[in-house]
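Undergrad: Each chain, written out:
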Amino acid sequence: MLALRYTPSLPRFLATRLGAPSGGTGAGALALEDVRPPLPPGADWLAVRPRLAGICGSDQALLGGEASLYLGSLTSGPFVPGHEVVGEVAAGERRGERVVVEPALGCAARGLEPDCPECAEGLSALCRHTIDGAVSAGLQTGYCRDAGGGWSEGLVAHESQLHTVPDALADEDAVLVEPLACALHAVAVADPQPGETVVVIGAGTIGLLTVAALRERAPQTTVLCVAKHSAQKAAARRLGADHVCPPERLHGEGARLTNARRLVGHGGREMLLGGFDRVLDCVGSGASIEAAVTATRPRGRVVLVGMPGEVKVDLSVAWLRELELRGAYGPEADFPGAIALAQRLSPGRLIDRGWPLRSYRRALEEAPRAARAGRVKTVFDLTPGA
Amino acid sequence: MLERLAGRASAGGGDRPRARWKTRTAGRDPWTAGEAADQAWLRRPAASLAREALQQALLFPAARTLARPRVMGAEGLMHTPQPAVLAPNHESDLDTPLVLLALPRAWRSRTVVGAASDRFYRDRLHAVASGLWINTFPFDRGGGQRRGLALAASFLRDDHNVLLYPQATRGAGPEGFRLGVAELCLATRAPLIPVHVGGSALIMPKGRGLDRRGTTTVTFAAPLYPRAGESPVELTDRLALAIDALGAGSARRHEGAL
Amino acid sequence: MSIAPSPRRPDRVGMIERNRRAPGAEREACVVEVTESSPPTLFHAGEQFRLERLPVGSRIVYAPPPLKGLADVEAAISAALDHPLGMDPLDALLVGGMRLTIAFDDISLPLPQMRTPDIRERVIEQVIERAYRAGVDDIHLIAALAVHRRLTPAELARIVGQRVFDEFFPDRLYNHDAEDPNGIAALGATPEGETVELNRRAAESDLLVYVNVNMVTMDGGHKSVPIGLGTYASLRAHHNVHSLRHSRSFMDPNSSELHRSSARQGTIVEEAVPIFHVETTLNNDMFGHPLGFLAKPEGRWTAREQTLFAGLRRSTEAMGPKLRRTLFQKTVSPYAVTGVTAGAVDPVHEVTLDRCAAQQAVRVQGQADVVTAGLPYICPYNVNSIMNPILVMCLGLGYFFNLYRGRPLVREGGVMIFTHPVKREFHPVHHPSYIDFFEEVLAETTDPAEVERRFERSYAEDEWYRHLYRTSYAYHGVHPFYMWYWGAHALDHLGEVIFVGGDPGACRRMGFRRADTLRDALEMAEQVVGRDPSVTHFHAPPLFYCEVE
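Chains as they are written, first to last, in this note's numbering: chain B, 1 to 386; chain Y, 387 to 644; chain X, 645 to 1193.
Excised from the complex, chain B in its bound form:
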């Protein structure tokens, strides 16, 4: 079967990071190959045929040489990327059932007893036994050699990873259930209280879905969305942001919204005396983290939602203001909530277009461009005849 396989190679990765042209495909480390379909590693595993598979920002960072090298210890290659998957069960008694895949490979999927402390709490994305068990090492589907991934015509998943898609939910909406679940989890980590002010930095897929999740779970808060590109502003407003501003105006808007005072220091370093209660950074660059840290009130909370890599950031203000910095990774137990929200939200309207696997180079080139134009998501369309 056809699959886009990523073969990790340190020299190629570093070359891409240093600027060697890769066309978005990681200097040839990603290739469309004809491979044998993955075998289910145990009785509780089912073969799934993907219908739509999303291209996530973390996938693009991996292919662009910007991901962290720490991931090397938590992934096993060569693997097929793609962890935002809606498909149908390919064989067995549940054959033909439409499912979305919860990508985390925790103790249950790996057939390990007893659960590690994290899996016992339901945080399978934070599993400690990620290198053990029936499946090769890997945090989640899409980073694991044995499990396969969404960017192919077939993958295998443990039955605990599969969630049935109700008929009312279209494929376009279902493929965004995984990022929506991550957004809901990020909002839970941020835990804003009624009446507080919250910033979401970034209006890509994860930023926009975080805005929607905030509206859903914390309707009494004031939400500011920082959108770099003007086409993303309308999308942010539509999803419920109270205010939208470009990145350079964050501190000015913050001063107005939180009645704080904005100081501009050497070299244009801006900070607020006062500031927002919660800031969710859905970009993960040095500039966005520094902006987040300088716009939060003392003892406020900054949540890193977008995957940071190796960034250059001045964290002194986080120390001076006794801020909390928390990471938010994975969906925790939010898949059912995400499915319910997706039915009301119709996140499928954020999708720009679906590409066949054969056009993967163009898809990976166009994906960042689409993100700037406001229709922020690009997916692979694997339905037969695409």
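Honestly, I wouldn't trust all of these hints.
Claimed, not checked - Sample of chain B residues facing chain Y (criterion: CB under 7 Å; computed from the structure):
#: 1; residue: G252
#: 2; residue: R261
#: 3; residue: L263
#: 4; residue: V264
#: 5; residue: K312
Keep in mind that the hints were calculated from the coordinates and are not lab data. Every residue gets a Cβ at the ideal spot worked out from N, C-alpha and C, and that includes glycine.
Dock chains Y and X against chain B, hints included.
TA: Only chains Y and X this time, still in chain B's reference frame:
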């Protein structure tokens, strides 16, 4: 009637109307009151860089040679929130370049100067020149300053600092403080920074151009924050007092230096 | 520190400007008497410029100089939406989950089109922003064009802006279709028996926001919704010869039967759906730099401007007609916004009319026997199109004649002389019914009442025209009739209409006379009004109106 068509007499016959005639400007001409517009393109990043280069290369060295300014209190600006309204006293056209060169870069690159539209925006040439050299916007002095203050408020909303002269004209003296700047600060709740420029009236007096070289002082004070329920008159009084105090203080230091 | 004029702030309108009326002294310079040493006068003639000599003793009435626009348009829009007249603030009216419809004036205004961003774009963006904040998701945008032609996607995008266009087109941003049997709601009739029909989506909304541009005093008020979103059946009530003959003039809503009738319809419409009007006014800065001198008296043109004009005239004459038309239709005007008012229709329109008067009113003492005017290349119905003879008649006898308050500028039985080539060309896509109107109807009779009685019904209900109106970009079959009725008052009032430089066949068909030069035309006029007539030249564009005493 038709024998007496207009312009026939001087043109000397023929049915074609003459193509050139003498311009008549009897009475005040309401059509040429058209002033040049605000040149917003001069605030773009590329133009701002060009302005900074020109100021540092030409304008500020010239001002320093002519006026030998002593700057006091500029460090306090590091602790003043932006955007704010800068309110200097106004004695001469040299005041704006002096205040701008006294400001730290973090302020100067974010400050727009309110320039009287009937003087500085007479035509496009003057508009571009003042916008380029000192980053001005047209301040409409007529009609109770409503339009000028509204435009200044929109700049504050866009996170620019605004430099406005509360006396509205040069050499108005301590009684000449108008209420507009205070009204602006009360409506927008922006801090008001009193600035004192001393000695510029001798160097470039009103109506005489460059007279001689000399020494000047530029002093910045701590910002005045509008209090709850304060009226524009009260705030203007506080401003006038503050500028006066700066003036007296700088004069004393000046004499001490001499 | 709160600077933005956000709705959460308490009343703080101190920083918002209020435009003052222009002082009377400026208006005295607008009426100029022609003397022996006066320079020649500029006459527009379609896409060309003429310099004509007027007789000594004539009057020339010029448009007042443009008022200064608002310094901060966004703040003014915000303030208007927060402090409307006679209605609750917009944020209070927007309730999550409601059906919101935003209707806006079509491409007939302003003329020429204003520079982007169009004022309608700015208002619509602010309204949509507030709607999203309130949780309103069901928003439709409708171009309120009544029986005008549909707007192309590019024209829609130019009015509402690319961002709004990308988000809403084509299912939630569209043209009003007056002939869609499923898209029309019948709202009954007024006590005087005038049918009221409205766009169904608008009638069934929870709130209708109308965004208009008031270029002349005819627009706005109750003319916006009942007419803009109406149908042929509801237009028949006031777009007829009787109503228009008794609109003296339709530029003055207080003296206009057209406006009284649409006001009655407006009352019925307001009972069906709450309407939040947002009315905007523009100054008359029609000619951008460097052609601004075209608006001012020729005596004040400097030598540089005279040279510029000579160059302009030479180049327009040398150009081929197609290139010339393209360039002229592409011009945009640097109109500045002089005011934004929002709320209930009556108080808002009063303010709007005051603002229009401040910009456009010129007091003139006494009528004239002969009024001359140069007709430009554009009228509301040929934007991006061709000006056919019927539109020339509508512009001259409909609009220019009716730009008065009190009494017409020309006396009863007087003569109007226009300069325009009146070329016999029609745009086949935009004006198909005009071609048949010219060939078939005008060949039989030019009397508006006869035209109405014998031909209007068949054109209005013609299936082919209806099909073109609904699917192509054509004006409705009945529209040429409305153009003809627009001049009905003038045809009654005037003794003669003469076109200088007009096509003989076209002028004859329409029942007008033509002359080669202005001098010939004045001689012909003398035969109608008597020797030594008083002549006044109406120096438009830019548009203004005369308050004749």
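Undergrad: Hint by hint, work out which the structure violates, then give me just those numbers in ascending order.
TA: Result: hint 5 breaks, nothing else.
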